[in-house]
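K.L.:
Chain residues, written in single-letter form:
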Amino acid sequence: MFDLNVALAGLSDAFTLYNLLLVWFGVVLGQFVGAMPGTGPVMAMAIAIPFTFTLNPLPAIAFLIGVNKGGLVGGAIPAVLINTPGTPDAAATTLDGYPLTKKGKPEKATKMALYSSITGDAFSDVVLFTVSPLLAVVALKMGPLEIFALMVFAFSIISGLVGDSMAKGIASAALGLFCATVGLDPEASTPRFIFGIFELYDGLPLVSIALGMLAVAEILRRLSSMRGKITAAVELPRTQKKEDRRISWAEYWSCRYTMLRGSAIGTILGAIPGLDSSAAAFMSYATAKQTSKDPDSFGKGNIHGIAATEAANSSVSGANLIPLLTLGLPGNIAAALIISAFMIHGIQPGPLLFHEQGQLIYGLFGALMMANILNLITGQFGLRLWAKVIKAPESFIFSTALLLCIVGVYMATGGLTGVVIMFIFAIISYLMTAFGYSVIVFVIGFFLGERFELSLTQSLSVLDGNYALILDHPVALGLFALAIASAYWFGFRPMKKSKGKQQTAEETTS
Amino acid sequence: MKLRSIFAGIAAAFLLLAPVIGQAAEWSPKGSIVLQVGFGAGGSTDIMGRLVAARVEKETGWNMVVENKPGGGGVAMFSGLMRQKPDGLKLGLGVNVPILLNLALRGDKLPFKIDSFDYIGTILRGENAMVAKADAPFNNFKEFIAYAKKQGGVAVGFDAKPQQMIMAAVTKQSKAKFKMVTHKSGAEQIQSLLGGHVAVGCLAGAHIKYIESGDLKMIAVFNKSRHSYAPDTKTIIESGYPYYLDPYYYIAAPKGLPADVQATLAKAFDSAIHSDEVKKVLYNTLKAQPNNLGPEGTKKMLDDGVKDIKVLIDAGK
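For the record, the sequence lines run as chains A and B. With my numbering, the residue at position 474 of the first sequence is 607, and numbering never jumps. With my numbering, the residue at position 247 of the second sequence is 250, and numbering never jumps.
If a hint is listed, it holds; no wrong ones were tucked in.
Using 30 angstroms as the maximum straight-line C-alpha spacing, the simulated DSBU-like pairs for lysine-lysine come out as follows:
| hint | chain 1 | residue 1 | chain 2 | residue 2 |
| --- | --- | --- | --- | --- |
| 1 | A | K274 | B | K164 |
| 2 | A | K374 | A | K235 |
| 3 | A | K274 | B | K290 |
| 4 | B | K187 | B | K290 |
| 5 | B | K320 | B | K116 |
| 6 | B | K180 | A | K274 |
| 7 | A | K274 | B | K153 |
| 8 | B | K212 | B | K290 |
| 9 | B | K290 | B | K227 |
| 10 | A | K521 | A | K236 |
| 11 | B | K136 | A | K274 |
| 12 | A | K274 | B | K220 |
| 13 | A | K274 | B | K152 |
| 14 | A | K274 | B | K212 |
| 15 | A | K274 | B | K187 |
| 16 | A | K274 | B | K182 |
| 17 | A | K274 | B | K145 |
| 18 | B | K145 | B | K175 |
Rough simulated footprint, nothing fancy, chain A against chain B, three-plus residues with beta-carbon under 8 angstroms:
| hint | stretch |
| --- | --- |
| 19 | 79 to 90 |
| 20 | 156 to 165 |
| 21 | 175 to 184 |
| 22 | 189 to 199 |
| 23 | 280 to 287 |
Simulated DEER-style distance windows between Cβ atoms:
| hint | chain 1 | residue 1 | chain 2 | residue 2 | range |
| --- | --- | --- | --- | --- | --- |
| 24 | B | D306 | A | L153 | 49 to 57 angstroms |
| 25 | A | F326 | B | D306 | 29 to 37 angstroms |
| 26 | B | T174 | A | A601 | 18 to 26 angstroms |
| 27 | B | E280 | A | V259 | 32 to 40 angstroms |
| 28 | B | K270 | A | L267 | 49 to 57 angstroms |
| 29 | A | D605 | B | T174 | 18 to 26 angstroms |
No lab work stands behind these hints: they were computed from the structure. Quick reminder that beta carbons are idealized off the backbone N, C-alpha and C, glycines included.
Chain B with its partners taken away, still in its complex shape:
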C-alpha cells in the first residue's frame, strides 16, 4: 500500500512536470482545460471544437476536455461561462451571429455583454451564399431580383434568422416579393432546392460541393467579401444592398483572464488552428481556410457586429 502510493506520487509528479519541462517560462494549465461548445454533439461547431482541441492537446500536452452545452445558439453556454473563474481552464466555443442577434434583440434579458468575456481568437468564417439550381433562369443577384418581381414572389429557403432579415431588407429596398420558407439545416435546404420546392436557398457551406459538381450555382455572396472557391460571384453589397452576414466561430474565456494566460492560450490555439491537420479537415468539410482574428481582432469583430446587426434589423422593419 505504502509502496504503491509512493509510486503513484512519483508518477503524478512526472505527469505534472512533463509539460513544464517543455516550456518552462510560459503559463501552463494546472488541470484539464474544458472547452465548452455552445451546440449539441455532432454539429459542425462540435466537430470543429473537438478537432482543434485534440490538436492543442497534441501540440502542448495539456489535457483538453470538450463539453457540449447546447441552447439558444450558444446563449446558454456563454451565460454559464461568464460565471466561471478566469483561470484559463474554462473556455467556450460559439458562433457570433446568434449571439449578436440576441444581444441586439433582447440584450436586456441576457446576463452577458461583449465585455463580459476575454477573447482567444476565431477558427474560421462561415461562407454564406445564395444559391439556385443550375438551370435557374437567373445568374446573379440583380437578375434574381428582376425574376422575383416578374413572378410576383418566389420561394426562398433559409435556415437562420439573419438570412431572413437580409431578405426582408432587400424586399424593402427593391420591392421584390419573397416567400421565405424556413428549414432546419443546410442539408434540408439543398433537398428542397434539388427537388424544386424553392427557387433559391441561403446556405452556409453545405452548398459548396454541389457548386463543384454543377448541380447548383452561385447567385450572390452574403459575406462582406467574396468567396475563394467562387471568385466571380458578387457580394450583395456590390449589387447595391449594404448588408452582410459574417458568421465567425470564436473562442472566449470569462472576463479577467491574466495577460500571460490569454497570450499562451491564444498562441496555442493559433498554432493548432493553422496546423496542416486542422487545415485539411476544414478544407475538406467546409472548403474554408482557417481565419484567426486573434484576441483583439475577435473583440473588434464582435463590437462592430452588434452595431451592424442593429442596422440590418432596422432596415427590414
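The following block holds chain A by itself, in its conformation from the complex:
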C-alpha cells in the first residue's frame, strides 16, 4: 500500500519556495486573526477561499491549512496574556495561562502554549498519516447513542473542575445547558426563548458567549478595581530571571505525559465529526488536574495546565482531517472549508482519495509539516512582540481589547444583537464570579449543550421508547459505566478529600 515513489513525489511537490511562502503567509495571517478577539481562522478562511480558486490545489489547500493552524496558536496568545481567548478554542487556556502571566512570566506562559500546541499538532498529523483509515472506521461506529454516552462521559470528567461547592458547580453547568437550549429545538424546529429576535433562531452565538463571559467580564473586573492611576496591564518585575522567560527542556519534558494525553484526547475527539476542540481542551485539562500530584496548583499558573489544553485543542485540527480525507466528512467548520477547497478544484475527498490522489495526500502531509514548523518559528518572533504589548498601561490595553471584542463579535454574528448578548453575558459572568459560581463550568455546559441535546434527541428517536435496545450498544454502555466511575473519581472523591482537609474555598477559576 505504501509507495515510496508517490510519497517522495508528493513531498517534493510540497517543498517548494512558492508553497513555503504561501504556507508562511497563511500562518502569519492565521496567528494574527487568531490573536484578535472575535475574528478567527474560520472567518479568514471563508474570505480566502474564492481567491484560492486561481491557485493549484496543493498550494491552495496548503495556504488554508496554514491559516487554520496559525489561528490555533494565535488564539492562545491573548488568552494567556490578558485572559481574553482570541478564539473560543482557547477558552480553557486562560485557566492556567493567565495566572502565570500575572505572576510575571508572560513569555514562559506563551512559549509553553506554543510548544504544546506544536506538539499536539505534530502528534495528530502523524496519526493522520499512519492509522487514519483504521480510526475512521472506529469513528464511523459512533452512532447517536455512543455520542450521547461520550458526552455524558465528557461531562463527568469535567465535573472535576466545578470547584469546592458541588451545588454551585451543578447550578453553573445547568445554567450553561439552559442557555444552550435557546433557538430552534432539534426535534421539531420550534423556536425556544427567542423573544421575537430572529438572530437567536440558531441559538445564542458561541463567540458572543465566549468573549462576553471570559474577555469582557475580565475587562469589567479590571474596571472595578481601577484606582485612577496608570498601571501596566501586567506588572512585570524589572529584571526577569532568564529561566522565567523561557521553557527549559526539563520543563518541557516534565509535561510529556500531559501533552501526550491531551494529544490523544484531541485526536480521538477530532476524529469523530461534530465534537469540537474546546471540549477536548477542557477534558484534557480536567484529566491533567485530577491525575496531577499537586492538583491545587492548577488554576494558579501551572505549566501543565497550559500544556494540557493547548496540546488537546491543536491536535483536533489534524485529527479533523481524518474523517475528511478518509470518508469525505468534515469534522468541524474549518474542515468543511478545507473540503470545499478540495471540491472547488474537482477533488473528491473520500475512501478513494488515498488511492487516487496519493501524491496530493503526501504533498498535503508535507504542507502540514511545513505549517507546523513555520508556526513554531513565526510564533517565536510573534510572541516576543505580543508579550511587549502587555507592558503598556492597562487602560490602553483593555480599551483596545474591548473595541476588538465589539468589532469581532459584530463581524462574526453579523450585527449588533451579538454585541448586546456579549455584554449581557459579561455582566452575568461578573456576578457569577462575585458570588462564587464557576464561569468555566457554565461555558463548558454551554459549549457542549447543543451537541448533548442533539445526541439525546437522536438517541430517543432511534430507541423509539424501547429502552432495552440500549443493550445492543456495548460501546455506549461501557462509556456510561466509565462516566459513573469518573464522576465519582473526579467529582465526589476530591471534594470529600478537600472537605476532610478543611481547605478554604478557592474557585478553580480566577
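Chain B: place on chain A using the hints.
P.N.:
Positioned in the frame of chain A, the structure of chain B alone reads:
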C-alpha cells in the same frame, strides 16, 4: 499637501470613471454593492455568494462586498434587508425553503412578505434526495415503504424541517412508520448512514459523490423533477406522493428597485452565474448546473412555493 490632494482627486475621478467608460448608457452603482448572505461564513450559501460576487466584480468592475447575516435560515437577514434603500447597493442571498416555511407557519410574526422585495434571480436548485447504503434491501421508494411496513418502523435521517414534513405526509398516506432522526448537516447524516445508524437519509447534495463512488444508492428524488446525475431515480410525485421540495438559492433587493437598476443587476448576475468559472465550481462542489429563473421567474417560484408548502404542512397533520 495640496499637490497630494490634487493627485488624489484625479485618481478618484479615474476610478469613478473607469466603469462608466465601459458601459456608458447603463446604470452603474455609485459605491460598493453589499451582498448580504443569510447564513454564517463557510457554509455552502456563503461560498456560493462569495464566488458569484467575485465573478460579478471581475466582469463589471463594480466593488462587491459580501457580508454574513446569519439567523433563522435567512429570516434575520431579509428582515434587515427590507428596511434598506432600494438603490441597488444592498442585495441579499438566501434559500427559499426556510423563508417559505416561516412565512407559512408564522407569517404574521415576520416583518416581510414575498412582496416586500424585488428579485434579481436564482443561482441554482438544490438536489434533494433520499439515499440508502448500497447494500440496503430496497431500491426505490415503493420498496422502501414496503420494507418500513414490514419492519414496523425504520430510522430516517434528516437535517431540515421540510424533509420531516414530507415524511410525515408519506406516513399519513402509506401508514408506514418512520423514526425520524434529526441531524445538523448532510455530512453528519452520511456518517450515520455509512455507520449503519439510520436506514435512509434525506440529503441535499452531500450524497452525490457517494452515489458515484458506489457507497450509497438513490432511493427517491424529493424535487419536482429528476436529477441529472441519476436520471433513473423516480421522484416521490411519480411514486404517488404529490409533494416536493425545491430549494432555490436566490438573490433579492429591497422593494422599489428602479427598473433599469433591476435589469442591469439581473444581467450582471446572470452572466456571472453562467460563467465557466462559477459553473465549474458549482459542478465540482454540488454536481449542480446553474439555474437562473430570472427576476419574474424567481417571484413566481416563491409565490407558488408558499401555497405548495401550506399543502405539505396540512398533509402531514
